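Novice: Listed below are the residues making up each chain.
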Amino acid sequence: MLTALRCVIYRDLLLAMRRRADVLTALLFFVIVVSLFPLGVGPEANLLRTIAPGVIWVAALLASMLSLTRMFSADHADGTLEQMLLSAAPLGAIVIAKVIAHWLVSGLPLVLIAPILALQFDLNQSLLWVLTLSLLIGTPVLSLIGAIGAALTLGLRGGGILLSLLVLPLYVPVLIIGAGTVDIASAGLSAQAHFLVLGAFLVVAAVFAPWAVAAALRISAE
Amino acid sequence: MLEAANLECVRGDRRLFSGLGFSLSGGELLRVAGANGSGKTSLLRIVCGLLSPAEGEVRWRGSSIRSLREEYWKEIVYLGHSNAVKDELTAAENLTVACTLAGMKVDRGLVLAALHRFGLAECAALPSKALSQGQRRRVSLARLILSENLPLWILDEPFTALDAAAVDYVRTLIAQHVARGAAVVFTTHQEAEIVGTMSTLDLDTWAN
Numbered sequence: 001m002l003t004a005l006r007c008v009i010y011r012d013l014l015l016a017m018r019r020r021a022d023v024l025t026a027l028l029f030f031v032i033v034v035s036l037f038p039l040g041v042g043p044e045a046n047l048l049r050t051i052a053p054g055v056i057w058v059a060a061l062l063a064s065m066l067s068l069t070r071m072f073s074a075d076h077a078d079g080t081l082e083q084m085l086l087s088a089a090p091l092g093a094i095v096i097a098k099v100i101a102h103w104l105v106s107g108l109p110l111v112l113i114a115p116i117l118a119l120q121f122d123l124n125q126s127l128l129w130v131l132t133l134s135l136l137i138g139t140p141v142l143s144l145i146g147a148i149g150a151a152l153t154l155g156l157r158g159g160g161i162l163l164s165l166l167v168l169p170l171y172v173p174v175l176i177i178g179a180g181t182v183d184i185a186s187a188g189l190s191a192q193a194h195f196l197v198l199g200a201f202l203v204v205a206a207v208f209a210p211w212a213v214a215a216a217l218r219i220s221a222e
Numbered sequence: 223m224l225e226a227a228n229l230e231c232v233r234g235d236r237r238l239f240s241g242l243g244f245s246l247s248g249g250e251l252l253r254v255a256g257a258n259g260s261g262k263t264s265l266l267r268i269v270c271g272l273l274s275p276a277e278g279e280v281r282w283r284g285s286s287i288r289s290l291r292e293e294y295w296k297e298i299v300y301l302g303h304s305n306a307v308k309d310e311l312t313a314a315e316n317l318t319v320a321c322t323l324a325g326m327k328v329d330r331g332l333v334l335a336a337l338h339r340f341g342l343a344e345c346a347a348l349p350s351k352a353l354s355q356g357q358r359r360r361v362s363l364a365r366l367i368l369s370e371n372l373p374l375w376i377l378d379e380p381f382t383a384l385d386a387a388a389v390d391y392v393r394t395l396i397a398q399h400v401a402r403g404a405a406v407v408f409t410t411h412q413e414a415e416i417v418g419t420m421s422t423l424d425l426d427t428w429a430n
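Residue numbers (our numbering), protein chains in the order written: chain A, 1 to 222; chain B, 223 to 430.
Note that these hints are calculated values from the structure, not bench results. Values in this document were obtained by computation on a predicted structure and should not be read as measured data. One or more hints might be untrue.
Label pairs and their computed distance ranges (CB to CB) [unchecked claim]:
{"#": "1", "chain 1": "A", "residue 1": "L168", "chain 2": "B", "residue 2": "S354", "range": "41 to 47 Å"}
{"#": "2", "chain 1": "A", "residue 1": "V203", "chain 2": "B", "residue 2": "V232", "range": "38 to 44 Å"}
{"#": "3", "chain 1": "B", "residue 1": "S421", "chain 2": "A", "residue 2": "A77", "range": "30 to 36 Å"}
{"#": "4", "chain 1": "A", "residue 1": "G92", "chain 2": "B", "residue 2": "D385", "range": "36 to 42 Å"}
{"#": "5", "chain 1": "A", "residue 1": "A21", "chain 2": "B", "residue 2": "Q398", "range": "41 to 47 Å"}
{"#": "6", "chain 1": "B", "residue 1": "N228", "chain 2": "A", "residue 2": "A193", "range": "55 to 61 Å"}
{"#": "7", "chain 1": "B", "residue 1": "K351", "chain 2": "A", "residue 2": "L28", "range": "22 to 28 Å"}
Facing chain B, according to a computed beta carbon distance under 10 Å, are these residues of chain A, among others [claimed, not checked]:
{"#": "8", "residue": "T3"}
{"#": "9", "residue": "A4"}
{"#": "10", "residue": "M17"}
{"#": "11", "residue": "Q83"}
{"#": "12", "residue": "R218"}
Chain B stretches covered by chain A per the calculated footprint, using a threshold of three residues with CB under 8 Å from any CB of chain A [what the hints assert, rightly or not]:
{"#": "13", "region": "271-284"}
{"#": "14", "region": "289-296"}
Cβ coordinates follow ideal geometry from the N, Cα and C atoms, glycine included.
Whenever a hint applies, use it, and build me the whole structure from the sequences.
Specialist: The structure is reproduced here in structure tokens:
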């Protein structure tokens with residue numbers, strides 16, 4: 001089972017390496033969307049500091065949405081998904097591997113670049129850490145929830161739009177808690193409770209999402 | 223070994239076949255025949271467990287494949303219509319991933335040897351998008367060479383896009399596999415003369 005897990009992660013990372021443009025598009029989208037706000041709102045430091053967590057989190061949501069449609073659709077089109085469904089390893093394990101690969105390719109780069117982008121909003125250094133940590137715990141949840149939507153809309157016409165309609169509402173709790181982490185820390189209070197709730201989201205999503213994705217994939221393969 | 227009982231398949235509003243049953247034991251070859259749209263691919267997908275039949279069940283060594291799941295999939299090879307070959311990966315990488323997912327332990331030597339036997343030695347390191355349709359089919363079929371010890375092969379149109387020499391080679395592979403005591407289910411539109419006992423299941427007679 002671990003061999004299959006490693007094999008799928010390796011395969012998806014290799015595919016991402018050979019299709020670098022796709023990966024860079026989502027990252028550049030994130031950079032540009034975040035950078036538009038200081039330009040549009042103007043150089044008022046207090047306002048920028050207030051909107052920073054929300055803007056960065058919303059941009060991260062949208063950027064991770066961009067790559068969701070590709071999560072299973074390419075494998076579905078060329079028949080490799082069928083072979084995964086008939087694998088000797090449990091489908092749940094393969095789904096976990098695909099989600100991990102998706103996060104490494106489209107979630108982790110956002111986490112790493114977010115503190116640099118946050119400088120445009122004049123966030124102070126301790127808040128940069130809080131923001132980065134909240135994204136580090138939050139973005140895997142986005143990949144996990146997004147995988148359910150990607151699997152459910154597999155093979156549908158206009159699946160991309162439907163996917164956004166399906167997944168964005170489910171992202172709302174993560175957005176509220178994630179952005180709230182930075183807000184509460186900037187008010188000088190401890191953000192520990194928010195981090196624990198984000199962590200709880202991650203645990204619940206990690207347990208239930210692979211199972212839901214596996215069931216959805218079996219249905220869309222029929 | 224493999225038994226199908228009272229299978230019914232409905233696609234959309236159309237009932238493709240109903241009451242279909244067959245049984246297959248080791249050393250037997252079953253060809254599924256029928257006109258376009260008669261449900262050959264659907265039947266093979268039901269037999270390998272990708273599609274659930276509207277009625278009836280498929281049993282492997284006496285137990286339903288729906289309860290066996292991974293236990294069953296460990297023992298079969300299913301090669302579908304699509305080649306399951308990734309454009310961005312090389313032939314060798316594609317074959318390695320396919321075999322690892324199927325639960326086999328393969329190393330580079332085995333994979334290259336299998337590709338070599340299918341005449342793909344020079345293409346092993348090329349990205350698959352540089353390969354022709356027939357070559358991709360060969361990459362996908364090369365898995366058969368590495369799956370000699372699996373007791374059931376399910377092949378959907380294995381001969382499409384192949385040249386005459388490759389068709390002959392695949393026929394030999396199938397014949398050898400059956401001679402080893404394994405079972406093979408396949409569909410084809412071409413005249414397949416495979417040595418050994420071949421039974422034919424004509425879906426047109428089950429249609430209604």
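Novice: All hints are to be evaluated individually against the structure, with a verdict given for each.
Specialist: Do the hints match the structure? See the list:
1. A:L168 <-> B:S354: 41 to 47 Å: 43 Å, holds
2. A:V203 <-> B:V232: 38 to 44 Å: 41 Å, holds
3. B:S421 <-> A:A77: 30 to 36 Å: 34 Å, holds
4. A:G92 <-> B:D385: 36 to 42 Å: 41 Å, holds
5. A:A21 <-> B:Q398: 41 to 47 Å: 45 Å, holds
6. B:N228 <-> A:A193: 55 to 61 Å: 58 Å, holds
7. B:K351 <-> A:L28: 22 to 28 Å: 25 Å, holds
8. T3: Constraint on A:T3 satisfied, holds at 6 Å.
9. A4: 6 Å, holds
10. M17: 9 Å, holds
11. Q83: 5 Å, holds
12. R218: 8 Å, holds
13. 271-284: holds (count 4)
14. 289-296: With 3 residues closer than 8 Å to chain A, the region 289-296 of chain B meets the three-residue bar; holds.
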